[in-house]
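Novice: These protein sequences, in sequence, are chains G and Z. Count the first sequence with numbering that gives the first Met the number 0 and you get residues 0 to 244, in order. Count the second sequence with numbering that gives the first Met the number 0 and you get residues 0 to 244, in order.
Calculated directly from the structure, the hints in this document are not laboratory data. Heads up, a few of these hints could be off.
In this list, chains with the same sequence are indistinguishable; a pair is considered to hold if it fits within one copy or across any two.
[What the hints assert, rightly or not] Taking lysine to any residue pairs in the SDA-like style, the calculated list, with each CA pair at most 25 Å apart, reads: (1) Lys188 x Gly48; (2) Lys188 x Leu161; (3) Lys1 x Met225; (4) Lys1 x Glu146; (5) Lys1 x Arg221; (6) Lys188 x Gln29; (7) Lys1 x Ala239; (8) Lys1 x Gly222; (9) Lys188 x Asp241; (10) Lys1 x Ala145; (11) Lys1 x Ala31; (12) Lys1 x Ser224; (13) Lys1 x His72; (14) Lys1 x Val183; (15) Lys1 x Glu126; (16) Lys1 x Gln32; (17) Lys1 x Leu223; (18) Lys188 x Thr120; (19) Lys1 x Val86; (20) Lys188 x Val115; (21) Lys188 x Gln32; (22) Lys1 x Asp33; (23) Lys1 x Asp185; (24) Lys1 x Arg180; (25) Lys1 x Gln29; (26) Lys188 x Ser67; (27) Lys188 x Leu50; (28) Lys188 x Arg93.
For clarity, every value in this text was computed on a predicted model and none was experimentally measured.
One letter stands for each residue in the lines below.
Number of protein chains: 2
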Amino acid sequence: MKRLELIGVEGLPEVRPGDDLGRLIGSRSQLAQDDVLVVAQKVVSKSEGRLISLHNVTASGEAVRIASNLVAHPDPRMVQVILDESVRVLRSNRVLITETRHGFVCANGGVDHSNVPGEDTVTLLPEDPDASANRLRGRLVELTGAEVGVIVADTFGRPWRLGIVNVALGVAGLPALIDLRGSVDDVGKALQATVLAVADELAAAAGLVMGKTARTPAVIIRGLSMHGSGSGRDVVRPAAEDLFR
Amino acid sequence: MKRLELIGVEGLPEVRPGDDLGRLIGSRSQLAQDDVLVVAQKVVSKSEGRLISLHNVTASGEAVRIASNLVAHPDPRMVQVILDESVRVLRSNRVLITETRHGFVCANGGVDHSNVPGEDTVTLLPEDPDASANRLRGRLVELTGAEVGVIVADTFGRPWRLGIVNVALGVAGLPALIDLRGSVDDVGKALQATVLAVADELAAAAGLVMGKTARTPAVIIRGLSMHGSGSGRDVVRPAAEDLFR
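Given the sequences, and given the hints that come with them, work out the whole structure.
Specialist: Written out as structure tokens, the structure reads:
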């Protein structure tokens with residue numbers, strides 16, 4: 000019988016720039032061979048020092064104008080940080096949806112101030128989430144001896160559907176997509192257009208255990224036998240092929 | 000420690016119209032109180048007779064024209080079925096993306112011919128996926144005595160991100176969204192814009208166990224303590240508020 004287990008990694012202290020995230024997680028979990036560790040972008044960004052104090056930011060006229068159009072009434076300096084993290088603005092009326100330098104389309108360019116200590120500090124997405132996942136994976140293999148996969152995840156909204164779900168930004172040691180095109184279904188027909196976004200499904204599964212307020216920034220997923228290598232970039236639909244960008 | 004278990008329900012025969020899906024699943028699983036059962040739309044549709052033979056369909060001129068614009072070169076009669084299931088066409092160039100009568104935005108209006116026996120038979124989405132979930136839930140409670148939640152799920156594509164993920168179409172016995180707005184994060188700040196799409200995350204998690212070709216049309220998720228009632232419709236973003244419809 001196919002069976003998976005999801006185990007929350009709890010009890011992490013507030014993560015600070017320079018902290019050894021691999022040790023913080025490895026010492027609070029029993030990682031085993033072929034486990035996948037899904038870790039929240041927030042703690043990765045904190046450990047990498049991807050924090051900005053709004054005190055050091057000056058809002059441009061454009062940032063002030065956009066801020067005034069948004070229902071959340073954000074600090075215009077936060078809007079400035081979002082614009083600095085983005086290469087394209089998709090919507091700036093009521094909500095701010097941009098494309099980040101990585102190619103991710105999300106609200107507020109992934110800039111966030113929840114679960115960040117300090118009134119005026121915000122987190123940015125990791126500069127290179129695949130590199131973050133690879134570094135953390137390397138450290139976990141070193142500390143535990145277990146060859147694990149790592150996914151750096153964040154919660155994104157979606158068009159057409161309400162609510163946020165956890166998705167994969169960075170991937171190391173496992174595939175991001177599984178391409179079943181050309182394989183055969185249970186009745187012998189070739190499957191068409193069936194590329195499974197497994198890294199996103201793993202991230203979403205972990206989101207059930209992480210919640211949003213409980214201090215569970217990492218989740219172990221056990222029972223998969225997924226080998227190969229993938230990248231968070233694999234999941235980004237090329238802008239030229241995107242019908243909704 | 001927060002821990003969830005996902006258990007595949009295997010060994011179901013090919014499901015036919017009129018089959019007692021509750022009994023087929025209940026007799027092959029050990030459902031316990033508060034479990035959530037995620038079931039693939041495909042077997043729900045089959046048990047409900049939501050099948051159409053293309054022999055009985057005549058393609059309109061519009062269906063023929065749209066079919067010729069699609070990269071998958073579908074049978075124009077299949078396009079006709081998709082149009083009949085839809086209230087709005089969002090894209091009909093290269094791929095066919097429509098809004099179904101339920102409000103779901105997805106490829107091919109949820110009409111599909113994979114895992115369906117017969118060259119010319121396609122499945123439709125359940126007429127009312129919440130009602131399907133409620134019926135199946137009632138039957139499972141009756142047969143097992145366990146108060147379980149049920150999600151009817153299907154795999155959908157997304158804008159901006161590649162690959163398909165399993166999402167919730169019908170929900171019974173658990174909430175579809177969890178609204179955390181106004182609650183406080185780990186550093187004491189009020190969370191904004193944080194409505195978790197838990198039913199979709201549950202569906203995605205189950206997708207990992209279902210795969211697409213293995214005969215695992217249902218998955219038990221154990222270890223949640225989620226109470227309340229929700230609907231697949233809760234997750235549908237109202238068209239008027241949708242920036243990408």
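Novice: Okay, which hints does this one fail, numbers in order?
Specialist: Violated: hints 6, 7, 9, 13, 15, 19 and 21.
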